[in-house]
Amino acid sequence: MALLTLEGISLSYSRESNRPALDNVSLTIQEGEFIAVVGPSGCGKSSTIALLAGLIEPSSGTVLLDGKPIHGPGPDRAVVFQDYSLFPWMTALDNIKFALKRAGAAGKKQALDYLKLVGVADAAHKYPGELSGGMKQRVAIARAFALGAPVYLMDEPFGAVDAKNRIYLQDLLLRLWQEGGGKKTVFLVTHDIDEAIYLADRIVIFTPGPGKVRRILEVPFDRPRKRNYLVHDKKYQELRNDILSLLQDDLIGELAKVEGGEGI
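Here this note's numbering is used: the first residue of the sequence shown is 2, the next is one more, and so on.
Hints listed in this document are in silico derivations from the structure and should not be mistaken for laboratory results.
Quick caveat, the model's predicted, so the values are computed rather than measured.
Each hint should be verified, as a subset may be incorrect.
Derived lysine-lysine pairs resembling PhoX-like cross-links, with alpha carbons at most 25 Å apart [as the list claims (entries may be wrong)]:
#1 Lys102 / Lys127
#2 Lys110 / Lys127
#3 Lys165 / Lys227
#4 Lys69 / Lys227
#5 Lys117 / Lys102
#6 Lys227 / Lys213
#7 Lys127 / Lys109
#8 Lys165 / Lys127
#9 Lys184 / Lys102
#10 Lys69 / Lys165
#11 Lys184 / Lys127
#12 Lys184 / Lys117
#13 Lys117 / Lys165
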């Protein structure tokens, strides 16, 4: 049985809208998988995260976790957003302690261990407003993994950090996921094709809104992956070109609709 399932999901944010955010999306995700989702802006990627997190409910269709319908947030799913979502009135340490308390373990030492794991132990007593973007996201990732959830929903978590921090955070995420021993499942939304190929087992490509699953591509590389070697691999270039071609075809199709007077 799949761990996460989307069955015939459609989503409209208003009854009057004739253009849904998602249209008949079906997808199954196995325990321990690392899934990346790419697609143009406005194609429903973030809406899919919200559905899996239980923050919203579909207009039609079913969202399942371990065979049971999702009707709200729960400790079995940790969410990391692009804007960090840390509690601004709590220090980095207290943000982690809050997650541990929800997971049933509120020890200061354990919280410090998580901050050490992501390389920001020296900032334990600083507030989010005193941290750089990269440091905030390290704390956000540490807080998510401190929950001990089996599912991690990540909505462009590295989109607001510089290239150096992005590489560090990608490798950190991979390490934390792999240390889960095949029990941690990641659903990552990204605009970065190279990031998707480097991190994921499968890449789901969404069409322009209303979002549909355009294609699901297997990433044909064993783990652990070495970034410097990967980019020179012929299969890497072929996969990257396939994804670009699919996205460009959809963009051309949308532009043709505009020129034909259909609107987007």
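- prompt: Taking only the CA atoms, is the gap from Lys184 to Lys117 under or equal to 25 Å?
  reply: 22 Å, holds
- request: Would you mind confirming whether the straight-line C-alpha gap from Lys227 to Lys213 stays at or under 25 Å?
  value: Measuring from Cα to Cα gives roughly 32 Å; hence the hint is violated.
message: Next pair to validate is Lys69 with Lys165; report whether the Cα-Cα distance is within 25 Å.
response: 40 Å, violated
query: Quick one, are Lys117 and Lys102 close enough, alpha carbons at most 25 Å?
result: Roughly 18 Å separates the two Cα atoms, so the pair holds.
message: Just to be careful, I want the Cα atoms of Lys127 and Lys109 compared with a cutoff of 25 Å; is the pair within it?
response: 15 Å, holds
query: Would the pair Lys102 and Lys127 pass a check requiring their Cα atoms to be no farther apart than 25 Å?
result: At roughly 20 Å apart (the allowed maximum being 25 Å), Lys127 and Lys102 satisfy the hint.
- prompt: Straight-line Cα separation of Lys184 and Lys102 no greater than 25 Å?
  reply: Within the cut-off at roughly 21 Å; holds.
- prompt: Does Lys227 lie within 25 Å of Lys165 when you go C-alpha to C-alpha?
  reply: This hinted pair holds, its Cα atoms lying about 16 Å apart.
field: 25 Å limit on alpha-carbon distance, applied to hinted pair Lys184 and Lys127
entry: 32 Å, violated
query: Does Lys127 lie within 25 Å of Lys110 when you go C-alpha to C-alpha?
result: This hinted pair holds, its Cα atoms lying about 17 Å apart.
query: Does the alpha-carbon distance linking Lys165 and Lys127 stay inside the 25 Å limit?
result: At roughly 22 Å apart (the allowed maximum being 25 Å), Lys127 and Lys165 satisfy the hint.
message: For a C-alpha distance cap of 25 Å, please report whether Lys117 and Lys165 respect it.
response: 19 Å, holds
Violated hints, listed in ascending order, are 4, 6, 10 and 11; each of the other numbered hints is respected by the structure.
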